[in-house]
Structure formats: C-alpha cells, structure tokens
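Peer 1: Each chain, letter by letter, is given below.
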Amino acid sequence: MGEMEELRKEADNLKDQITEARKVVQDTTLQEAVAGTTLVGRVQLKTRKTLRGHLAKIYAMHWGTDTNCSKLCVSASQDGKLIVWDTLTTNKVNAIPLKSSWVMTCAYAPSGNMVACGGLDNMCSIYNLKGKDGNVKVMRELAAHTGYLSCCRFLNDSEIITSSGDCTCILWDIETGTEKTIFAGHLGDCMSLAVSPDFKMFISGACDFTAKLWDIREATCRQTFSGHESDINAIGFFPNGNAVITGSDDATCKLYDLRADQELITYQDSGIMCGVTSLAASLSGRLLLAGYDDFNVNIWDMLKAERVGVLAGHDNRVSCIGVSSDGMACCTGSWDSFLKIWN
Amino acid sequence: MARDMSDIDILKMELEQLKKEVSTPREPVSKTSKDTMDWCEAASCTDLLITGVPDDKNPYKPEKGGWKNIMLYLHRNTWQTYCSYVSLFTGLKRLKLERRNRRDVH
Numbered sequence: 001m002g003e004m005e006e007l008r009k010e011a012d013n014l015k016d017q018i019t020e021a022r023k024v025v026q027d028t029t030l031q032e033a034v035a036g037t038t039l040v041g042r043v044q045l046k047t048r049k050t051l052r053g054h055l056a057k058i059y060a061m062h063w064g065t066d067t068n069c070s071k072l073c074v075s076a077s078q079d080g081k082l083i084v085w086d087t088l089t090t091n092k093v094n095a096i097p098l099k100s101s102w103v104m105t106c107a108y109a110p111s112g113n114m115v116a117c118g119g120l121d122n123m124c125s126i127y128n129l130k131g132k133d134g135n136v137k138v139m140r141e142l143a144a145h146t147g148y149l150s151c152c153r154f155l156n157d158s159e160i161i162t163s164s165g166d167c168t169c170i171l172w173d174i175e176t177g178t179e180k181t182i183f184a185g186h187l188g189d190c191m192s193l194a195v196s197p198d199f200k201m202f203i204s205g206a207c208d209f210t211a212k213l214w215d216i217r218e219a220t221c222r223q224t225f226s227g228h229e230s231d232i233n234a235i236g237f238f239p240n241g242n243a244v245i246t247g248s249d250d251a252t253c254k255l256y257d258l259r260a261d262q263e264l265i266t267y268q269d270s271g272i273m274c275g276v277t278s279l280a281a282s283l284s285g286r287l288l289l290a291g292y293d294d295f296n297v298n299i300w301d302m303l304k305a306e307r308v309g310v311l312a313g314h315d316n317r318v319s320c321i322g323v324s325s326d327g328m329a330c331c332t333g334s335w336d337s338f339l340k341i342w343n
Numbered sequence: 001m002a003r004d005m006s007d008i009d010i011l012k013m014e015l016e017q018l019k020k021e022v023s024t025p026r027e028p029v030s031k032t033s034k035d036t037m038d039w040c041e042a043a044s045c046t047d048l049l050i051t052g053v054p055d056d057k058n059p060y061k062p063e064k065g066g067w068k069n070i071m072l073y074l075h076r077n078t079w080q081t082y083c084s085y086v087s088l089f090t091g092l093k094r095l096k097l098e099r100r101n102r103r104d105v106h
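So the protein lines, in turn, are chains A and B.
Per UniProt numbering, the first sequence runs over residues 1 to 343.
Per UniProt numbering, the second sequence runs over residues 1 to 106.
None of these hints come from the bench; they were simulated from the model.
Note that the coordinates shown come from a computational prediction; the quantities given were computed from them, not determined experimentally.
Note that beta-carbon positions come from the ideal geometry of N, C-alpha and C, so glycine has one too.
The reader is advised that the hints may include incorrect statements.
To be verified - Far from chain B, some chain A residues (derived; all Cβ distances over 10 Å):
1) G80
2) L120
3) A305
To be verified - For the chain A half of the interface with chain B, some residues (derived, Cβ under 7 Å), not all of them:
4) L7
5) R48
6) S282
To be verified - Calculated cross-link-like contacts (lysine-lysine; reagent style PhoX-like; alpha-carbon spacing at most 25 Å):
7) K19(B) / K15(A)
8) K19(B) / K304(A)
9) K31(B) / K200(A)
10) K132(A) / K92(A)
11) K137(A) / K92(A)
12) K200(A) / K19(B)
13) K9(A) / K20(B)
14) K46(A) / K57(B)
15) K92(A) / K57(B)
16) K34(B) / K23(A)
17) K15(A) / K93(B)
18) K304(A) / K46(A)
19) K200(A) / K57(B)
20) K46(A) / K99(A)
Can you build the whole structure from these sequences, using the hints too?
Peer 2: Here is the structure:
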C-alpha cells in the first residue's frame, strides 16, 4: 500500500505542475479575445430531405468525402442494415445486410470504395462497395477488441482506426486484417474518435471524462484534456486541426486548444439538462451543431458560445450528426429511424 | 486493457503519461485564440450553413412547380392507406372464420 501512496502523491504532484504550466500561458480567455466580434445571425435550417428506410434506431451516420460521393452518406441501424444513401434523390444506393444487428458505428472511406461498421460483436467489418460483380461483400473482419466497437474511422483504403469499450483504440492494417498499433491509456470505455484533417493525429473521448490526443505514427498519447464531469460521447476536430470539440453526458460541449493545451470555452445553457450524443462543426468552424437526448440539435456560435439556432424535427433522440464535405448540408440521424438533411 | 490491469499498474501507466505531458510545449492563449478567431472569421464568408444557399443553387431544394412531388406523396400515402386497410380486412375475416370454426367444433 505504501508504494500506491507514493505513486499517487507523485501523480498528483505532476498534475499540479501541469495545471500551473497551463495557467502560465493563460494570459487571456477566448471570451475576451472575441469581445469585438459580432454574434452570427440566427441560423434557421430547414429539413430538405427525409431519408426513410430503416426499421429501427439509427445509431451512426457518416458522409462520403471524395468528390464522387460528396452527396452520399452511410447510416447504420439496429435493424441490421447499413444503407448508403444518395441524399439528393433519397435513393438507396446500397442496402447491406449485417451479420450482427447490434451495430453502433459506421464509416465511409475517403476514397468512397469501402464502408465499415461494428458494434456489440466487438469486430469491425469492412465492406467493399466496388466489387467486381457489383455485389457488396465483407472484405475483412477485424477482431481483436475485447469490448464493443464504439467508433471507427478510415485513414485510407488500407488503414482504419477503431475505438472500443475495452478502453483502447487500435490502428489496423486492412489488407492483412491485423493490428498495427494499440493505443492504451484511457481508464474508461472509449466512446468516440476523430481523425485530424492532416491524418497525422487522432483524438478519442472516453468514459473516464477525458479526451486524449494520439500521434498515429509515433503511437503515443501527446496530450490529455479533462474538465468534463461525465462520459464524453462525441468528439471532433476544429476544421483547422488546432482545436478539439467534445460533447458529454454532463450536457456541455467544450473547446480545447491543442497548442495552448487547455480548455478555451464551454458551451452550456441552464435550460439544457440532457446529455450531448453527437456533434459536428461547420466547414468554417464558426458553427457547432450538437445533438442532444431531448430530440433536438442546438446550433452554437463557437466563438461567442451562444445558441444561434435549433433543429427540431425528430421524434426521438438525435444519435448522430454530420456536415457534408462541401459544407452545403448537415445530416441528422435519430432513434426515430429517420435521417434528415438540413440546409 | 485498463480493465485487466491491477490498480498499481494503472497508476504506473498514468504516471508515465503525466511525466511525458509535463514537458508539452504550450503557446499563450492570446496567440492561439487569435489564430482560431482569424481563421474562423475568414472562412465564415464561404460557410454555406451561415450564408445560406440561394434556392436556385440549392441541389436539395425540390423542383419548382412540384407536381411530381405532390403526386408521389399522394401515391405513397394512398398506397400505404390501402395496404393497411387490406391487412385489417384480412385479419378481421380470419378472426371471424376462426370464431365460426370454434363454434362448429363445440
């Protein structure tokens, strides 16, 4: 027990040193820095399309990024289907039946050639959309996690990063189906991850109330951000890659600056008492769209930390949200089994 | 992984990480927040969710004169209503037949 006490004292000492170092560089706050900026005008987005077809709760959605598929998105539902939608026509480009219906996440490869999904089966299944005979088949099943798959994101057609309820994230080689790097360090289930715009780093948010910034090639954790009072459910990069946005069950979102290594601002309102389930930043980073348990999406002015709009239209929890790669529209997916396109 | 580790191993792992993080280079908030603000403001003018998309350039806006959409909506709803009536009717008929069979048996 003596050793535990020693270690704990040393850890607390280091934590104090880090807090001090962060205070030293805190010569101002974001609120003061943006005092002269005007608030963005009221943002009123309308539902332009409703994507109907899923028969159960939608748990995840992801937009395509390649110019050929910037209007395509993939959604995963616990009806056991992965659907690739053409958001302009609302047609289903592909409806992929899954082996396990307990899916929690899905991802679209940047090239548009593959989609991935995973969930309570502890595996990440990769599907090839551009098979020779036109059929969509399972290309690889990545199994090594000992907990549920909470999130996955492609780096390219041969690498994918997954986060899991076993408190780790793994970088996989899709060709061989093996783990390249295991990122361990979180003390709670990893709930979400996001890759930086330059694909060199990624961030993960976990149930230990912290977010960690990882260097993909060096396989190390660079920075840890705390401050949330409950599980971090959603995480994203600010579009310029220098800041991180997190959304938590404590009903707040926070903006952390990577270069200053600290929290810049918190997005909260006394009227909001339910957890944040998902978030997405608009292309300029000025707007933060966050989905909540109360069936709404709140739009925040990221610099002034004030609500500038609401997207109300779903009849159940908003479980996922994404902004298209051209910034023209945002898509929300809900437990009411519908996806809506807004702009 | 953290689940399988003993408390002391978890502490050691935390300590290792904290030792690395103590020496993280940190830039003043005044500089980083100004950079973020400038970048954001410059990009806001082309952010379509803020500026809005003009109707004639919005690929998501339904075509003008939406007769096609109205007909599609009516068709979809009429078919759905028809289907639900058919299933209700066949269900009721089945119930009637079952009741009659039971009475005949007794």
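Peer 1: None of the hints should be skipped; say for each whether it holds.
Peer 2: A quick look at each hint next to the structure:
Distance check for G80(A) against chain B: the nearest CB is about 23 Å away, which clears 10 Å, and the non-interface claim stands. The Cβ of L120(A) lies farther than 10 Å from every Cβ of chain B, with a closest approach of about 16 Å, so its non-interface assignment holds. Every C-beta of chain B lies more than 10 Å from that of A305(A), the closest at about 12 Å, which supports listing it as non-interface. Contact between L7(A) and chain B, as hinted, is supported at the beta carbon level, the nearest pair being about 5 Å apart and thus within 7 Å.
The beta carbon of R48(A) is positioned within 7 Å of a beta carbon in chain B (closest approach about 4 Å), and the interface hint is therefore held. Annotation: S282(A) was flagged as interfacial toward chain B, and the flag holds, the nearest CB pair being 5 Å apart, inside 7 Å. A distance of roughly 9 Å separates the Cα atoms of K19(B) and K15(A); the hinted pair therefore holds under the 25 Å criterion. Using a Cα cut-off of 25 Å, the hinted pair K19(B) and K304(A) is violated, with the two alpha carbons roughly 35 Å apart.
For the hint pairing K31(B) with K200(A), the CA-to-CA distance comes to about 23 Å; that is within 25 Å, so the pair holds. Simply put, K132(A) and K92(A) have alpha-carbon atoms about 20 Å apart, close enough for the 25 Å limit, and the pair holds. Restraint check: the Cα-Cα separation between K137(A) and K92(A) comes to about 17 Å, which is no more than 25 Å; the hinted pair holds. Proposed proximity of K200(A) and K19(B) is supported: the alpha carbons are some 23 Å apart, at most 25 Å.
For the given pair, K9(A) sits about 17 Å from K20(B) by alpha-carbon distance, which is consistent with the 25 Å threshold. For the hint linking K46(A) to K57(B), the alpha-carbon distance of about 15 Å falls within 25 Å, and the restraint holds. Between K92(A) and K57(B), the direct Cα distance comes to roughly 24 Å. Compliance with the 25 Å bound is thereby established for this hinted pair. A hinted pair counts as satisfied when its Cα atoms are at most 25 Å apart, and K34(B) with K23(A) qualifies at roughly 18 Å.
This hinted pair does not check out: K15(A) and K93(B) have alpha carbons roughly 74 Å apart, beyond 25 Å. About 23 Å separates the Cα atoms of K304(A) and K46(A), which keeps this hinted pair within 25 Å; it holds. As the CA atoms of K200(A) and K57(B) are separated by approximately 35 Å, the hinted pair breaks the 25 Å bound. Pair hint K46(A) plus K99(A) does not hold up; C-alpha atoms about 36 Å apart against a cutoff of 25 Å.
Hint compliance for this structure: hints 8, 17, 19, 20 are not met, and every other hint is.
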